[in-house]
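Engineer: Whenever a hint applies, use it, and build me the whole structure from the sequences.
Protein sequences appear in the order of chains C and U.
Just so we're aligned, residue -9 is where the first sequence starts under our numbering, counting upward by one.
Just so we're aligned, residue -19 is where the second sequence starts under our numbering, counting upward by one.
In case anyone wonders, no lab produced these hints; they're calculated from the structure.
Nothing false has been slipped in among the hints.
In silico DSBU-like cross-links for lysine-lysine, where the CA-CA straight-line distance does not exceed 30 angstroms:
#	chain 1	residue 1	chain 2	residue 2
1	U	Lys751	U	Lys697
2	C	Lys261	U	Lys376
3	C	Lys29	U	Lys6
4	C	Lys261	U	Lys697
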Amino acid sequence: MHSLRYLRPANVEEAVRIFNENEDASFLSGGHTLLPTLKLGLARPAALVDLTGIKSLRHITVGGDVLSIGAATCHADVASSDIVRRHIPALAGLAGSIGDRHVRNRGTIGGSVANNDPAADYPAAVLGLGATVVTDRRGLVADDFFTGLYETALESGEIVTRIDFPIPQIASYAKFRSAASRYSVAAVFISHGQSGVRVAVTGAGTNGVFRAKDLEQALSDDFRPEALADLHIDPASMSSDNVGTPEYRASLVMVMARRAMAHPGTTQSYK
Amino acid sequence: MLNERAFKAVGKPLPRKEDLRLVTGKGRFTDDFNMPGQVWASMVRSPYPHARIVAIDVADALGMPGVLGVYTGVDCARDGLQPIPHNPVPSTNFDMKLTGPGGTKVFIGSHMLLPADKARHVGEAVAMVVADTRDQAQAAAEAVAVEYEELPWVADTLAAAEPDAPRLWDELPDNVLVDSSFGDAVATDAAFARAPHVVTMTAHIGRVTGAPLEPRAALGSYDAETGRYTLYAGSGGAVRQKREMAEVLNEPPENLRVISFDVGGNFGTRNRAYVEFGLVLWASKKLGRPVKFRAERSESFLTDYQGRDLVTEVSLAIDRDGKFLAMRASNLSNVGSRCASLSPLSKGAGLITGSYDIPVATLRARAVYSCTMPTQAYRSSGRPEVTFAIERLVDKAARELGFDRLELRRRNMVRPEQMPYVNAVGSTYDSGEYEANMDKLLALADWQGIEARRADAKARGKLLGVGFANYVESSIGTPKERADVIVRPDGVEVVIGTQPAGQGHETSFAQVTADLLGVPFDNVTITLGDTDVVSAGGGTHSGRSMRHASTVLALASVEIIEKGCALAAHCLGVERDAIQFDEGVFRVADRNTSLSWFDLAGRADDKSLPESLRGGLKVRCDSEMHTPVFPNGACCCEIEVDPETGGLEITRYSTVDDVGRCINPLIVHGQTHGGIAQGVGQALWEQCYIDPGSGQPTNGSFMDYGMPRFDNMPSFKTQIVEVLSPTNPFGVKAGGEGGTTPAPAVIMSAMEDALSEFGPMDIEMPATGLKIWSAIQQGRARLAASKTA
Chain C
-9 MHSLRYLRPA NVEEAVRIFN ENEDASFLSG GHTLLPTLKL GLARPAALVD LTGIKSLRHI
51 TVGGDVLSIG AATCHADVAS SDIVRRHIPA LAGLAGSIGD RHVRNRGTIG GSVANNDPAA
111 DYPAAVLGLG ATVVTDRRGL VADDFFTGLY ETALESGEIV TRIDFPIPQI ASYAKFRSAA
171 SRYSVAAVFI SHGQSGVRVA VTGAGTNGVF RAKDLEQALS DDFRPEALAD LHIDPASMSS
231 DNVGTPEYRA SLVMVMARRA MAHPGTTQSY K
Chain U
-19 MLNERAFKAV GKPLPRKEDL RLVTGKGRFT DDFNMPGQVW ASMVRSPYPH ARIVAIDVAD
41 ALGMPGVLGV YTGVDCARDG LQPIPHNPVP STNFDMKLTG PGGTKVFIGS HMLLPADKAR
101 HVGEAVAMVV ADTRDQAQAA AEAVAVEYEE LPWVADTLAA AEPDAPRLWD ELPDNVLVDS
161 SFGDAVATDA AFARAPHVVT MTAHIGRVTG APLEPRAALG SYDAETGRYT LYAGSGGAVR
221 QKREMAEVLN EPPENLRVIS FDVGGNFGTR NRAYVEFGLV LWASKKLGRP VKFRAERSES
281 FLTDYQGRDL VTEVSLAIDR DGKFLAMRAS NLSNVGSRCA SLSPLSKGAG LITGSYDIPV
341 ATLRARAVYS CTMPTQAYRS SGRPEVTFAI ERLVDKAARE LGFDRLELRR RNMVRPEQMP
401 YVNAVGSTYD SGEYEANMDK LLALADWQGI EARRADAKAR GKLLGVGFAN YVESSIGTPK
461 ERADVIVRPD GVEVVIGTQP AGQGHETSFA QVTADLLGVP FDNVTITLGD TDVVSAGGGT
521 HSGRSMRHAS TVLALASVEI IEKGCALAAH CLGVERDAIQ FDEGVFRVAD RNTSLSWFDL
581 AGRADDKSLP ESLRGGLKVR CDSEMHTPVF PNGACCCEIE VDPETGGLEI TRYSTVDDVG
641 RCINPLIVHG QTHGGIAQGV GQALWEQCYI DPGSGQPTNG SFMDYGMPRF DNMPSFKTQI
701 VEVLSPTNPF GVKAGGEGGT TPAPAVIMSA MEDALSEFGP MDIEMPATGL KIWSAIQQGR
761 ARLAASKTA
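Structural biologist: Spelled out as structure tokens, the structure:
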């Protein structure tokens, strides 16, 4: 790996300042994608600005109908949080289903959301719950935030500070994991809340996380697993690799959607 | 010769002596060693599967910070370096004799440290950069400008064997380096001609890699004053590496010292020398600085010696009662771009008939070069492949001809009274009670309860599949082993030339030594891995270590006991014949006086001793043992397939393994557990996949190479059976590979059973969720079509 400057600011203002002072800097918030990329020489930032030392980015709070999670909160803390378990148990389960123990103690919700890996779990929760991604500059609703594979609406130097999740009536998540990477081959997050039914799919779409509008419509009319019985996903919108063909992923999406509906208030992980 | 009643350590599940060291971070792995003035090497690797090296421009790289040298294949040739002498054709008296086409000598393409002519696989090192730091070396390696002329390539095993396939070696008319036939072809043809039933199957046992936890590494240094080289490199046997590296460097062996203490996993990948071993030594002399190399994980995936990759076509002739009449097999092994080992092909060749009494058989064994990383013996070299072939073929025969799969096996198994049994291709099975293994296994696996569990799974929407396989394998390996046994006042030291990579030799060899000499287990230490101390030895492979070590230790114990008796006679002032040795004590029959080993050792250096008793209480003993042994057993597993997703869970896994004498059941069970995981990994997740369009390997990290993990395994039920082998003093067979041997067969047997309602399936390993789901879709479509028809 090439040599670079490693910087660990104590607060967001300092992070912004040193990001601007260092040409070709990159934010680090866990690094499970970034560090392998650096080791392979696929990215060569001159400086890494580590956000995980910023205390104000590590919190889990509830205010009114909103559950807020600081961007530098690691997956293990979300998974074990009594607050998350009480208000959105599927979200705690989702965090607990990411990677392995080491990953969960290092990876952060902000890092995952900002990276928008097409197979990552958190984007499904953010989109599936209609959350707001709050940055040092503004708030971005989930539907506007994820813009494509590894692409988001974040501007250069913009820092995700927290995610605000509207607390739903019920939510659930079901995922089918790759045996090698443990990333989802297809996963579906379903919520029923203030703004109706939302269904978000990750791991499967050619363009990353997306909302399955047909499924949302069917479940809005009838919020039971049976409502999904005759629905299908178009394989043309599904990605293809050694792990799954478009047809396989399209089938898995429907299976995961039905299983999510069959196990309300939980995260189910299949392999 | 052995007094079993005196065994205090042998057969006991003693905790391993090495574990405290290893779990407290005190292991001495190659990368733990650093030397003053050390610099780093990095390799420039070919991005093409097959390409002529037109020119290499090193000027830019040489100008980069910290760079001390850039070396190419032309430099290797100019310095007169020799190819690595892999000696790949197995040559003990009992190995199957492989030849080139028409009985010719097998052509072995030269394996230079760096090629000067062309690159023959993606990742082949074509140049080396040495710099002050690792980062500098890696950065400069990227700046080496290699001009390649891309050539047509072939990676696929069957395609490589075609007469018009792109050729790797100009010395051959095609890529076929081995083409040998065994058994009685005429009698086999006759038996097939009159057989009422013939069942045929073709399978590709795919390519996998060992992925040891410790990436390979090497540290080489040259001492100009003594003219000696030192190489730190974890391997399967330092003595072999010393001999081969000395040849590469054109040096007498005594000018080389190879050190291999703790090794973080081997599985066969480390049993052949790597080019980097020679390169760091060569560069250390040129630069006058110690040179170190450590592979990245991605380099390990690309360029660790890989395993398996055999295409097998097998047929069985069967009579109306289900008796096997004859077998025909054609095995094609993909050795990769250079031939590092033909052990997998050879070992498998001797075992094609498996656990069954098949009167006649014939086998054609071929090997081909291809534009891929060379393959090497990989845990249970060659045996999982042929076990897969015979066991899956027997399952198929049972299904197609309407026999019960267990009954069909029972009808044909080699019986204990046939031992020693010579199979149809000439292998002599030493001992074993094959059908008794089956009976023990069926009880252990609760075969009776299967239908109840199947119904329970069905109620949960799952398809239960039960797999079954018998196996017999062989343990041959390098025939020679040496042990030094040294008794000192504070304990016994054994110096021996095997090389564990987690197998626990320091414990099990100490158990054997303790009981042979009648000393406490805690007083025995085992020394391994430094060729300045370990003068000879065969290394660790092919399940040979416990058998060869216990044999040479048994021989050594006779000699050192005799020495002890002579010394005791002198010390006690009696004739030699008056001394009796029993359970570690030397005594005179009619006296109260006695001497222990450690009492004697205290007097062994006494200057007043007569000439014949001087020199310390120690012996050096060599043994040469060619006769192979045949570990055997039976295996059963249950899986539950989720038909909606193609996912599966292994719910039960039971084995019965006849390992001969079991020295340490704790270690043997552990070996079986790890062996099972390794075999199951091949069946379900692991594959070194090469993109057919580009020739690029696509599994470069743990993101896309699926390793077996503990949460994908059930709690195993493993039972050890000890039918002592008559071939060696302790009756040892082997316990390191039996877990792996039947695993691919038994998993795929379970898969077929789980999906039986959809008709015959054709799922190639690894059986991923995608493949299982697709097979179910196709099966459903077939069923629907046959209903409407």
